[in-house]
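**Q** The chain contents come next:
Protein chains: 2
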Amino acid sequence: MNIGILGATGAVGKQMIECLEERKITINGLKLFSSDRNAGREIKFNNKLILIEKVKEGSFKGLDVVLGAVDNDLAKFYAKDIINSGAIFIDNSSAFRMDERVPLVIPEINRDDIKKHRGIIANPNCSTIITLMAIWPINLISEIESMIASTYQAVSGAGINGINELIEETNLINKNKKSEIRPSVFKHQIAYNLIPSIGIATSNLYTTEEMKMQNESRKIMHLPNLSVSCTCVRVPVVRSHSISVTVITKEKISIEKVKNSIAKFDGVNLVDDLGNDIYPMPINTTNKDIVEVGRIREDLVFKNGISLFCSGDQIRKGAASNAVDILECL
Amino acid sequence: MNIGILGATGAVGKQMIECLEERKITINGLKLFSSDRNAGREIKFNNKLILIEKVKEGSFKGLDVVLGAVDNDLAKFYAKDIINSGAIFIDNSSAFRMDERVPLVIPEINRDDIKKHRGIIANPNCSTIITLMAIWPINLISEIESMIASTYQAVSGAGINGINELIEETNLINKNKKSEIRPSVFKHQIAYNLIPSIGIATSNLYTTEEMKMQNESRKIMHLPNLSVSCTCVRVPVVRSHSISVTVITKEKISIEKVKNSIAKFDGVNLVDDLGNDIYPMPINTTNKDIVEVGRIREDLVFKNGISLFCSGDQIRKGAASNAVDILECL
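Taken in order, these protein sequences are the chains called A and B. Residue numbering for the first sequence follows the numbering used here, beginning at 1 and increasing consecutively. Residue numbering for the second sequence follows the numbering used here, beginning at 1 and increasing consecutively.
Looking at chain A on its own, in the form it has when it is part of the complex (with noise of 0.2 Å):
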């Protein structure tokens, strides 16, 4: 396979590189793209050297699939490009999730969704590829008929930029310089803080990254009437974004069903020890492709509720590692 990334020098895109090296994946060829500022440096990939290029006309040529993690502007103006040039573009932003003529996939989730694709397969948001690997399990047991999550979400979502504005901030407040601390990646202050607020403003006075979580949701899992209340913040951690999830299935289930379930289900570690203090966290997903789920208990509201925790690496599976599943699949 001869394989394109597009915008190689970002946190996903480098995870991408590292994702495809770790896998072992047969490649041909493999061409890195990123903007100008970017352009010209080199990158290793299996000990060599690989120029990042500059896209310009047919630099897609010859490519059989293209890995996108730029923007959703971006995304939309190389799509045509790449479509043309005759390869498949797996795409990390949010520009064609809900187009319903592009797959929006999870392969542990709805793997056969890729077959339907038309040169593009969407890959979903951070934090619903890591709920949703939770609680499909669950899912397979009973159907999800709603669910409520909070978010406890990494920097990293923020790309490069997002995690050296929390190391600078924290660095000037631990040195008691915090009146020099200018958030520019973030509307507010980081350090310490918590920020309740991810992507736009929408009508409903939800914003679009807690919309995602129940339209995607809806289009991953196939069940095109699931109610999902959502509320997303940026929280102080580095790289790894946790949620906390009630849902309400058709049947009531036991939890002893619940646990096997997301303990036989690939992708997904079942941690879950409450008295010896082993629950799922930030700093035990960081870099790795697993997804944990742990505090898993009968909510104490609805009959047939489960509440759980779950954390996982926003820029492994909640991005890069997505991608190159779904590149394995092809």
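Quick caveat, the hints were computed from the structure, so don't treat them as lab data. If you're wondering where the values come from, they're calculated on a predicted model, not measured in any experiment. Any given hint could be a false lead.
Said to hold, decoys possible - As a list, the in silico BS3-like pairs of lysine-lysine whose alpha-carbon atoms are at most 30 Å apart:
| id | chain 1 | residue 1 | chain 2 | residue 2 |
| --- | --- | --- | --- | --- |
| 1 | A | Lys252 | A | Lys303 |
| 2 | B | Lys178 | A | Lys178 |
| 3 | B | Lys187 | A | Lys259 |
| 4 | B | Lys250 | B | Lys303 |
| 5 | A | Lys252 | B | Lys252 |
Said to hold, decoys possible - Residues of chain B clear of chain A, computed beta-carbon distances all greater than 12 Å:
| id | residue |
| --- | --- |
| 6 | Gly29 |
| 7 | Glu108 |
| 8 | Ile141 |
| 9 | Lys252 |
Glycine residues also receive a C-beta, built at the ideal position from the N, C-alpha and C atoms.
Fit chain B to the given chain A structure using the hints.
**A** Chain B alone, transformed into the frame defined by chain A:
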């Protein structure tokens, strides 16, 4: 009034002294009690130095009120002495909170319960106080039947040592000395991490801290049938707790009515303009008595559901200020 503070050198005890000064309460005498380790030191109050004493027989004699900022065991140990000496014990521990003979009070909500005291008045759990300050104005419009809450709790909940541990760990990580981290206050590293467990595991797989949200809320709001499902998570924030809450009310109520009720309610600030990046944040409530409430919106799962996000200082309204509020009612 003659006032004593039991546990005067801890985070909450120190804050109680500060609150007494700020409120300009007329105090004849102030006695400060602490453990062996801190006895003999002096603390400034209204420009006078006050000696910190070790409690001995007769220490509480002549006092009208003792504010307690010690753990459950010490609170139980000294309660009898305090009452026998004729003082009223306003206790911040959880030792007496669920005792039927002991009022559990947030003055803005159930001030009248104070009258029924028999020597002890209990100060509620910190997250419970902050959450109930935010949702009580909703209950004034339509009775709350159930609540789903996910907390984002600051390290100050574990006292001054909790704050120090966060800062020290963060410094070690920023200096690439992660391997030197030895958590002692918390079960795991808290810097750049989340710990989804506060308190002790109970048989229903919730923690004691999570069950307080249901049990104490029922007692304070006089809603014996209220069902609450709560997930408590420690976050790397210094001293303000935040809570993502969904409440389900008896009748459907409009967002406008909810906002009006919150805006009118004493002790709470409506901070809710998502489009302009205005919402409750821990850095904005730190060292303030006010609880911020925002992100108010119709829940997408429940017809009669309202979702919101609130934040308040754990040491102030979550502990010391509420105790002093109770004192002022006396």
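**Q** All hints, please: hold or fail.
**A** To see whether the hints hold, each was checked on the structure:
1. A/Lys252 / A/Lys303: Holds, at roughly 7 Å.
2. B/Lys178 / A/Lys178: Roughly 23 Å between the alpha carbons, so the hint for B/Lys178 and A/Lys178 holds.
3. B/Lys187 / A/Lys259: Judged against 30 Å, a Cα distance of about 24 Å means the pair holds.
4. B/Lys250 / B/Lys303: Judged against 30 Å, a Cα distance of about 10 Å means the pair holds.
5. A/Lys252 / B/Lys252: With Cα atoms ~27 Å apart, A/Lys252 and B/Lys252 stay inside 30 Å; holds.
6. Gly29: Holds: least Cβ distance 37 Å, greater than 12 Å.
7. Glu108: Fine: 23 Å to the nearest Cβ keeps B/Glu108 off the interface.
8. Ile141: 18 Å, holds
9. Lys252: 15 Å, holds
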